[in-house]
Every structure is written in C-alpha cells, then in structure tokens.
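There are 2 protein chains.
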Amino acid sequence: MSELNRTHNPLARSWVASANVAGTDFPIQNLPFAVFKPKDSDQDMRGGVAIGDQVLDLKALAASGCLADTGLAQKALEAAAQPCLNTFMAMGPQAWQALRHALFDLLEQSTSPALQARVQVCLVSQSLVEYGLPARIGDYTDFYTSIYHATNVGKLFRPDNPLMPNYRWLPIGYHGRASSVLVSGHDFHRPAGQILPPGQTEPVFSACKRLDWELELGVFIGKGNALGHAISLDAAEDHVFGICLLNDWSARDIQAWEYQPLGPFLAKNFATTISPWVVTMEALAPYRTAMERPDHKQDDVAYLKSEHNSQQGALDIQLRIGLRSESMRAAKTDTHWVCQTSYRHAYWTLAQMVAHHTVSGCNLQAGDLLGTGTLSGPTLDQAGALLELTEGGKVPLTLPDGQQRTFLQDGDDVTMQGWCEKAGAARIGFGECRATVLPALFQK
Amino acid sequence: MSELNRTHNPLARSWVASANVAGTDFPIQNLPFAVFKPKDSDQDMRGGVAIGDQVLDLKALAASGCLADTGLAQKALEAAAQPCLNTFMAMGPQAWQALRHALFDLLEQSTSPALQARVQVCLVSQSLVEYGLPARIGDYTDFYTSIYHATNVGKLFRPDNPLMPNYRWLPIGYHGRASSVLVSGHDFHRPAGQILPPGQTEPVFSACKRLDWELELGVFIGKGNALGHAISLDAAEDHVFGICLLNDWSARDIQAWEYQPLGPFLAKNFATTISPWVVTMEALAPYRTAMERPDHKQDDVAYLKSEHNSQQGALDIQLRIGLRSESMRAAKTDTHWVCQTSYRHAYWTLAQMVAHHTVSGCNLQAGDLLGTGTLSGPTLDQAGALLELTEGGKVPLTLPDGQQRTFLQDGDDVTMQGWCEKAGAARIGFGECRATVLPALFQK
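Same order as they appear, the protein sequences are chains A and B.
Counting in my numbering, the first sequence runs from 1 upward without gaps.
Counting in my numbering, the second sequence runs from 445 upward without gaps.
Here chain A stands alone, though its shape is the one from the complex:
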C-alpha cells in the first residue's frame, strides 16, 4: 500500500519545462505508463512514461544504460520497454516503485546536465506518437460500484424493484469482452442487433437507436493470484498496477431485450474505449480518502471489511465526459461537458472489487482489466450515462450548435477526462479517452 514519499512533493519540478506548466496532466509527480510508437511508423510498440507534453521512450532509455547500475529499477525498465506491459505489471509493487523513483530522479530538475542530455534524446513529443493497449488483456470484468447509477438505471428497467437486495452486500460484476477493448482515438461502428420497439411484443433487427456511453475507470491488475487462492482485502491493492479512464459503450435498446436472465452481451461487446495512460497507485496516494458508504451493509461481510479500506480505500478522482457533434467540430466548438463527478462516490472500492472477484477462487492475471461501472454521483449532473442524464431518453440535452441529443448520433465524438487536485498536493491527470461513433456496417 502506497505511502507518501519524495515523489509526492508538490514543490518538485522537472527539467522538462512542459511538466511544470500549471494545469498539465503530467507533472513529475504523476509519471503514468503507456505503450506507444512513432505515429504511422512500422516500428514495434514499446513502453513510455508521460512527462509534460513528452513521452519518455523506455526502450530507448533501457538501451541508454542510464539506469544500468540500479538493479531492480533496470530490470523493471527492461520489462516496461516491451511491446506490452504485462511482464512489468506482473513484477509487483516493489519493482513498480523502484522504476518510478528512478525515473523521478532522472527527470527532476537537479539532475546533472550530463545525465539530462542522455535522457533528453529518449523524449518524443506526444503529438508525434500513437498509442497501443497498455497490456494484452486476458480478461475484462466490469463492476457496478455506483449505487447512484444502479438506482437510476434500476428505476428505468425495473420501476418496481430498482435496487436488488444483493446490491448492498456485494460488488456486483460480470465478465466483459476483452477483444473489443480499444485505446483512445480508435473509432468504432454503431452496433446492430435485435431491439423490441416500444409497445411491440416481437423484436426487429436494427442498428442500435439508443447508443450510450458509460463514464468509468479501468483498473489494471498487476501481480495475479493462483486459482483457488483468494486475495484478501488488505492485500488487494498490492495486486493493482494502476488506473485508466474507461468508456463502456452501451446499446440500451439491445440490452433491454437481451439481458435477462444472463446479463448484457451484444449490448456491450462491440467496443470499450480506454485511455492510453495508466496512472499508478503510488501516484494516486495523495488522493486516498474515506469511503462515503451511504446506507451500507459492507461491514457485515468480513472479507469485504477492513479499517484501512474504510478510511483510505476510496480515491478522489475527478471525472468529466462530454461530446462534440460533427457540426460542432466543423465550427471548432469545444467539447460540451455534460457530467462531472468523482470516483469517491463509489459504493465499493477497488480493493473490494479485487477481494470479491477472487473470493470464489478465481485467478486474476497481470494485465487483466476491471471496470468500476458507471461512476454516477448523487446528483443528476453527476450522472455518468446519457440514459440517466436524459431520464431514459425523455429529456433531451441541447448542444451548443442547437442540436438535441437523447442518445448518440453517428459522427458524435465523445471525450472523457480525469484528474486529481487538492491543496497541498500536485495536480495530476489521466489525459483523455476519446472516440467517434461511425455508422453501422450491417447489411439489412
């Protein structure tokens, strides 16, 4: 479990000038990981770390020998230089910390000019790179940890029974589709499927008419566990490598018709978008906070209860989501933000997700992805899905170009952002998670 240390000092500065600009997502206190390559090149992907508006190329850095005498940090660097971060993720918290601290020291402003020069040649402008998925995702699991989202959606799908009796006892989750997880910037086609037109009893085959987003965070698993051996709540965070932004695109009309009795399937499996940058648990340590735990049952279940989790298990990560229509983009109008919330409102923490997932004996593996579920907060302007914001498609939003939206139209470009800020700590950010809805490809 990460404690505060020199990498959290809000006064620390980097010799990379863009890392010191107020409002940057990537000051020296952040140092998130991604996988990238030079844009449009046929080079291999490799690991990178964000600093200001630059990416530190870890493959180049490993070859440079700058960390050659550091033991664990150099081993971790070599693993993080690979085309996906699974091996690095599997090394565990000591290795993650060793590399993060070594990179902090290389990038900090007091680093010798000679060493700066050796690191400088490993920097690439973020504007010149393209990103890959941070890991080969073995399994993707999506949770449902916002009680506000569960209640809002429950009211629409089951007016007489919005919140199931199990909700306050366990973090509801379900297995998602790993193959269609995309990194930010990869557009996707509107899905098609069977939908039940209002008032009808027989479905029709159609392009989705109620395409929605879901504002979530993604949790990358680091070290896994052996089959049969559960991870305890207090050990859970040692198995978490870091957090990214996640948009769990959802076809509400397909979902309503298909989801009983085995849960969402086609409604979710066509695309899930994540941010390229994974912010480490250590970087997030200043933003730990107590669980809000409204009307909770959690303390009645021993494997989901600990003092540390109650007092420090939540994270105050600010999140927002919005869209730009085609006409807004043509007019160079900025994204219209329609929801802002925080992860601190979640009913279940990420440690509880990990402990619950494995209590059956299920094995997690390095690079597995857990989604938090839509992170709606207590008020309507904190609702993380259009379904909630438009009250089931009844109350449209009005965009700056005068268009109205209940659900997404072809050409809509959706962006999520996330950041942490508070007095006495450096602001850190997650970059963005963005994609555009392309028309359905299906043949009628």
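Just so you know, these hints were derived from the structure itself, not from any lab.
Worth double-checking, as some hints may not be accurate.
Chain B regions said to be covered by chain A (calculated; three or more residues, Cβ under 8 Å) [unchecked claim]: (1) 636-650; (2) 670-682; (3) 706-716; (4) 766-780.
DSS-like cross-link-like pairs, simulated, lysine-lysine; straight-line CA separation at most 27 Å [stated by the list, open to error]: (5) A:Lys209 with A:Lys155; (6) B:Lys519 with B:Lys667; (7) B:Lys749 with A:Lys209; (8) B:Lys653 with A:Lys305; (9) B:Lys599 with B:Lys653; (10) A:Lys209 with A:Lys394.
Ideal placement from N, C-alpha and C gives every residue a C-beta, glycine not left out.
Based on the hints, put chain B in the right spot on chain A.
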C-alpha cells in the same frame, strides 16, 4: 462447410493397430488435435493428433520432413507444432483440411513401410503424456442453447416466468472467465462466496453447498473477424476450428444470490474444464443433421436463418456425464453415468451462436472458446445438470456405494464423454473431460 470425402470412408484402416479396435474414440476418420508434452517433463508443449491409443507428435513430424513437399500441409503442420494452436486455428479451413488429409494419408494402412517407419518414431503412447489447453483462450463466451435446460432451470429460479420472451428469438449468451479454463485432469477447489440460506433475508459467507456440473460442448474459433464486421450465418462454420467437451462448473447457491441484474459471476468463474482433444468440423461432417426446432421463432430473424443451417446445422453428438465418489474409487467401481443426451436437441446451432455473437460487430479471434450451454434433452434422464436431475436438490440420486447426492461432495470425480456413431459412418469420440472436486481453501 465440410463435405464428405475420403477421410470419412468407414472402411479406411490405419497401420496403427489400436486405431482399428472397435469402440476406439480415435480411428483414422477422427484425427482430433490437442497440445501435449511427455508427462512430468520440462519440455515445451506442442501440438499432437490422436490415433488409436497414441499421440502423433506434430513437432517431431514437422522436423522429420515427411510432409516437406506438401506446401500448405507442411505450413499448417509447422503452425500446429507450436505450444498452442492459435496460429494453426487462424489459418482457416483450407489449411486445416490440407493437414488433416496429409495426416490421413500418412497413417492409412497402404502407406509404404518406409514412410510408416518415419512416422512411427513420432508416435507417443497417450498414457505417457500430459495435456495443455489447446489454445491461448482470448475470450470465453457461454451460451444457453438448450431450451430444455433453460425451461428446467427457469422453473426453479423463476416459477412464474421460466422461459424469457427473448429465448426463442436469439441465442442467449454471456461472457465467461477465460483465465480459469482448465484442461481435463486438473482438479479444482470448491468455491466460496455469499449465499442466502433458505428462508433468510441476509446472506452468509460460506463454501458453496450446491456445487453442480453443466454438460456442454466447447467450440474453438478458427479465423476471426475484424471489429465491426459481422460473420454471416452461412460463413459462420468456416470460422469454427472444432469442438471439445466442456464442463461449466456452477455454484448454484452463489448464483441464486448474485445473478441479478448482470448475470452469473462468481458462480462460474472459479473453474471450467475442457477435454484436451478438439474434434474438427470436417471429422464431424457425417453427423450433421436437421435442426429439431421445437416451437421456434428463428425463421423470423433473417441473420439467424438459412436453409443450410436448418437442414444441416445441427450435430448428432452423443454425450454422457457421471461421477465416482471417493469410496467408489477406493472400491474400483466405474463411473456412475446419470445423464445421456445428444447435441442434436439444441435449440440454436453453433453457426447461429457465431452469427449472433458478431452481429453487433464484436470481433472473434482465433482460439476464442464458445460454450453451448448445458445440453439437456427433452426428458429428465437427458438433463445436463444436477440441479435438473435432482429437481432443485429435492430428489437425491443414489450412487452404487449407497451414498446419496443432490449436489457434489468434496472428492467427487466427474467425467464427461462424447462420441458420434451411426450406420454407414465410422464411430468417432472426444475422449474424456474429467476433474475432481477438492475442498474449499477459504479462511472463515
């Protein structure tokens, strides 16, 4: 789509004598694929093909040069010799057929003695090997294609509403857990989780008390599809590499408490067991049959309807499942078979599973695994789960040792078998899919 050819000739014989023994699962007309290595060795896994009681080591065969001049067959052999079959699976039906036919010719009794001698040294007794998973499974999806199972289970979970209105319109499916798919012979620990004791309103944490099996088939995807591009019903079988046995272990008490509204999670993610041998679609061609289609709606949905699928889309694969308690094993009593059924009773075909899975645009990848769902037939002795056989745990089964079972006890060993037989065709089999239930490991 596979048509009958020389490899289906029921009169064909092999120079491997055990392949000609009546009742073998692995005559020359079968030639299923697995991944194996010599038992307890530290050698790498490699592809193999079953012939009688032997495994043909494809890595050794590739090195032997026996197929050196065959072009596509040699390329396919090199891919199939690897530690997992994903690359071979991705090559598609022409490559699968080229290799299968080349192996048939090598193993057929008229092969020259000189060639036989070169192949002979590539054979290993099945009793001397251990198996791996046939593929690196990217995603595992489980369907629900038996209307008898859906109705039987629906009656127990929802007496007033056993079969959902969507059931007859689409093949219900959900994403499963890929990391805990095990190959036959790997035992697993009883899961733990929250269960709601009968008559209570608050759950307790406990080892599962209602541990069940599910008799299924597993479908390995060969060539995948690009995201956004659905696979049509008539193209679907070209994307299927082959079929194995699959036991989808299920914790019924955990399932009952957790499954609403997002479907089964911990109730299924602790273990799924598959047979090592994957029988190719070409080997199964003689056993194609018409869909039974009781009271169907399928013909109302264009993407799930074709003449070929209706007339030839089902497969008559015989299946049985049974158990041996610890005391039965001590007394050397054989497995007590409690269910025998056929895949031909399924309401939806495997081509319909593939077409439906991708109609949203979801991408399948080589090595993905689809489960058919529990393949219960129309009568109670054809029910593929204990939940059904014991009418929800009310009517126990009596074992040959006098013990009774509603659900599985620690130490119970469960075996599935599958085979095809009919007049005018060679009998072919799937080997077996077996595992023993170990005690739960959780700390109270």
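We went through each hint and held it up to the structure:
| no. | hint | verdict |
| --- | --- | --- |
| 1 | 636-650 | holds (count 7) |
| 2 | 670-682 | holds (count 4) |
| 3 | 706-716 | holds (count 9) |
| 4 | 766-780 | violated (count 0) |
| 5 | A:Lys209 with A:Lys155 | holds (20 Å) |
| 6 | B:Lys519 with B:Lys667 | holds (16 Å) |
| 7 | B:Lys749 with A:Lys209 | holds (24 Å) |
| 8 | B:Lys653 with A:Lys305 | holds (24 Å) |
| 9 | B:Lys599 with B:Lys653 | holds (20 Å) |
| 10 | A:Lys209 with A:Lys394 | holds (14 Å) |
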